[in-house]
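Build the complex: two chains, separate frames, hints provided.
This is what each chain is made of:
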Amino acid sequence: MNASKFIKKPRQYKKRGFSAGAQLKMILKSFPNVKVLRYKGSSFSIITELTPTTLSKEYQIKIDFDKYDGVKVYVIGEVLKVAKNRSKLPHVYSHSEQRLCLYSPSKEEWNREKLIVSTIIPWTSDWLFYYELWIPNGVWFGGGHDEYREN
Amino acid sequence: MNSLTEAQKKEFNEILDLLGETLDITKSQFEAAVKSYNAVGSWLSRPESLLAPYKPEILTQGSFLLGTMIQNINPNDDIDIDLVCQLIGKRADWTQYDVKKIVGDELKKHGIYNKLLDIPDGRRCWTLEYRKASNDEKEKYHMDILPSIVSHGYELLIEKAYSFNGFQDVDELAIRITDKQRDDYFSEVMHDQWLKSNPFGYGKWFFDQAKLSFSKAILLSESVKPVPEFKSKKLPLQRIVQILKRHRDMMFSGDDNKPISIIITTLAAKAYNKESDVFTGLINAVRNMSSYIGERYSPEHGRIIKWIENPVNPEENFADKWPEHPEREKNYYKWQYQLEQDLIEFNSRVGSGLGELQKSFSNSFGQTVSEKVFEQYGNSMRHIRESGRLRMERGTGILGVSAGLPVKNHNFEGNHECK
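If you're matching them up, the sequences are chains U and D in order. The numbering used here numbers the first residue of the first sequence as 1 and each following residue consecutively. The numbering used here numbers the first residue of the second sequence as 1 and each following residue consecutively.
Next comes chain D alone, as it looks inside the complex (with noise of 0.2 Å):
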């Protein structure tokens, strides 16, 4: 790859980060989600309520968790939100298969609940289909929620390892979750022998990834909360698994083989080095991210499968299901494979105009997204020259807003000959 000049990589990041910016859900989708997840959370824990006396809240994690979550191809297809309904306890003789009843019996209690809930329920969730109530273009989601039971005091635990750098134990923020396919599932009702899941953890532990500086640790802190805020700055690392994401997208589409999500989430945010712009980020996850997956003897399997460490549970494997799925094993290197190509790509379009660079992002990203951020950049720097803050550098004519020639406004208008 051609070496860029800062300049380049400034405005490489820019366009990058616009392409963030445009694969992000909206403001609007945001929020329909949170007043529809806090909805949910009433309903479960009003008086009537079994759940009541274990305080239910319904918190975010994964993606929207993480802030990276991406628009579809196909507008029409619905967007996954992942949530924990979390319970203080539980009553001691229920089991695993109790509170998932519970939680969903609650559910089908309610009018429009009952409609959109999902029979049966998943192996771990339950899940709300809210397009079925609704033609309204913000409300094309469905919700997949966990049930989990935390002990006391946990809620302080999660406050505290969100809003200090200090914070180490991340085992601390586990949650015990239901599982069918256990053999415990109808007996055990010790809820510390039930499945360990860590969403807060890993959370915790992605944007202790991602954060740039002490002070935007606050700011992250503010994602946990009940009712988070939206963000439309987002930290690089956040910009960079949308941009992976997107691109995993347009390459395998609908397959099931496709790399998972968490699997790009995380080599992503282990090859982050907490570079400041999204382009070099960028170029060094790729170049990395393949390193992180390691190699274990595997007793089950008699000999060394492919494992992909979760950062908060050593002994769990994002790539478990690469032995008994080959093809997953080999659409990873594929999409790294077509990663690197792309990046050549668009390097090599460096000097043969933004419209040649919008045609490469067109194959790696979708037509439509692309030509939103070129047109947004295109605005965005008329906006720039209407506002009086256009700059020209002298000797070669870029345009900017740092250093150079001051450029007044102009309208390209001309008189009668041009029109």
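This is chain U alone, in the form it adopts within the complex (with noise of 0.2 Å):
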């Protein structure tokens, strides 16, 4: 039998997952622009500017991490158009603050072991892609749960 089996591994760590240091430093290596607002131990409060596309618009977003509260997405800067048949944002917790829904937390798709950078700052670029083509119609192209289903 392999004795490795019987080795524990550094997953104690890993539950606990990374902290708001480790993100952050992940982060500004492939963002070396972002404006860090607020870094305090566990949490902090970033801006970066994201462009979905190379015809798309640049837009602003923050990103609030708390190692306890998980991580919140906003775009920020600007009132968001809402298509002409439609009364509220796509794939968002709350449509006055613009605030996104990037992933399904029950399929566990993000949690604190997993990597800010290559998670949640990718899936918001792709949210602002299907954003940008909801304008014209008001129809969603990205997929996940469908908002305008009529029962």
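Keep in mind the hints are simulated off the structure, nothing from the lab. Some hints here could point you the wrong way.
Far from chain D by the CB rule (all over 10 Å, computed), these chain U residues [claimed, not checked]:
#	residue
1	Phe18
2	Tyr39
3	Arg86
Covered, in the sense of this in silico footprint (three residues per stretch, anywhere, with C-beta under 8 Å from a C-beta of chain U), are these stretches of chain D [as the list claims (entries may be wrong)]:
#	stretch
4	348-354
5	386-396
None of these values were measured; they are calculated from a predicted model. Cβ atoms here follow ideal geometry from the backbone N, Cα and C, with glycine treated the same way.
Written as structure tokens, this is what we have:
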């Protein structure tokens, strides 16, 4: 039998997830221009610019991270347009705060063990991409739950 | 115009290629048409047919041959398919009138074709209106059949011309056709005295302009085969012509004085400089098309007239109707101006979002088509993500398949608060 099976892997560390510092460090490595609004112990708040395609608009994104509270993503600096045939933004937790809904918590697509820079940030870009395509007719091509299904 | 980055051009190219694909006829439309015209060919060559000794064959010409067919703005309108009914030689005493009449008579002997046939015949063609027999979406087309005579060995000549780059003498590909408006329509039996037309020479010229590398030439030789294969991928020049024709249709709809397809195709093909992407090719074509409109003194008109030379017959002017219909010339230049304006408009949309670009596309190419294009664009990005190939550029967040951080799949689901 393979002895390594009985050697304890550093799982305890991983379970606790990445620290705020580690998350931030990894973000800054790929996005050196990120503006750090606040970084204190187990939480931080940053602003970054994202452009989903070369033909797209540039958006300002605020990311709030708290090791215990998770991650929240907002589009800031502008009031996002709403499609003529819709009353609110697609896939958001809050229309007025423009807080985006990016992944399925129940499927554990994101948790503290995953790096924000390789999940939350590209998913935000992905959201912006489908948001731009949503504006003309209010149709969401990005998948996820169907917000417009008629019951 | 702002100059775009290479990455932006690439993105534009992708969207314009999707536009061309959306404008193109579908595989089922294509296959239905091929099946129909092959059936006509079989009928005309059946043993009892008066034409049988001359091995009649139906071949495509025009945009079907060039691969530049587009859907109509109104889906209920017919698609035109231009065909050649090719005979190898003829009975020595047949005049143009006889050839035309015998082709018509043979068609009339067939129960269905008899009902589809447009009476009287056109100046040079017979027309079969397929929609008369069918409510099928795929059969909303009519076929213009051009009776023609070629010499023995013509088939080999065509094969050679379309397979090799070296083939120079396109004039050898000319066919002889009948023309009701000629004085010798009822009398001339020597077919080498009949009106010359060179649809296959033109096709050869067009493909030479379009092809990007030697290897593609072989692929193109398939277009002249009796059963051509449907191609969903097209060369940039084919896409450019499709986009230009659609823009023309949007601007002039049913106006008889709109710029005709052969003028658009010829000028675009002359101006095309083998750009490997549709976007750059389109911009350059639009910028340079008009410079290929020449001028010649016309003794008939006693003045200088515009001249758009048929590349396979310098004596033929595709703009020959302009002197009698000056609004056609005016419309061409109006269209040219509008194209330039629209390209500037697309360019100015860069940085204001894909939704804004879609709106500009709607104005230029129609709403339904533009919606389809951007839906496809969105769907293809989702497939890339779902198949694990999506990447994000560091520092910008730009999504794509080339370099950057790999992006894991995710679902825009959230928890109950988000629903």
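Hint check results:
No beta-carbon of chain D comes within 10 Å of the beta-carbon of U:Phe18; the shortest separation is about 16 Å. No beta-carbon of chain D is positioned within 10 Å of the beta-carbon of U:Tyr39; the least distance is around 20 Å. Distance to chain D confirms U:Arg86 as a non-interface residue, since its nearest Cβ pair spans about 13 Å, more than 10 Å. Only residues whose beta carbon comes within less than 8 Å of a beta carbon in chain U count, and the stretch 348-354 of chain D has 6; three or more means the coverage holds.
Evaluation of the coverage hint for the stretch 386-396 of chain D: fulfilled, as 6 residues show C-beta separations to chain U shorter than 8 Å, against a requirement of three.
Going through the hint list in order, the structure satisfies each hint without exception.
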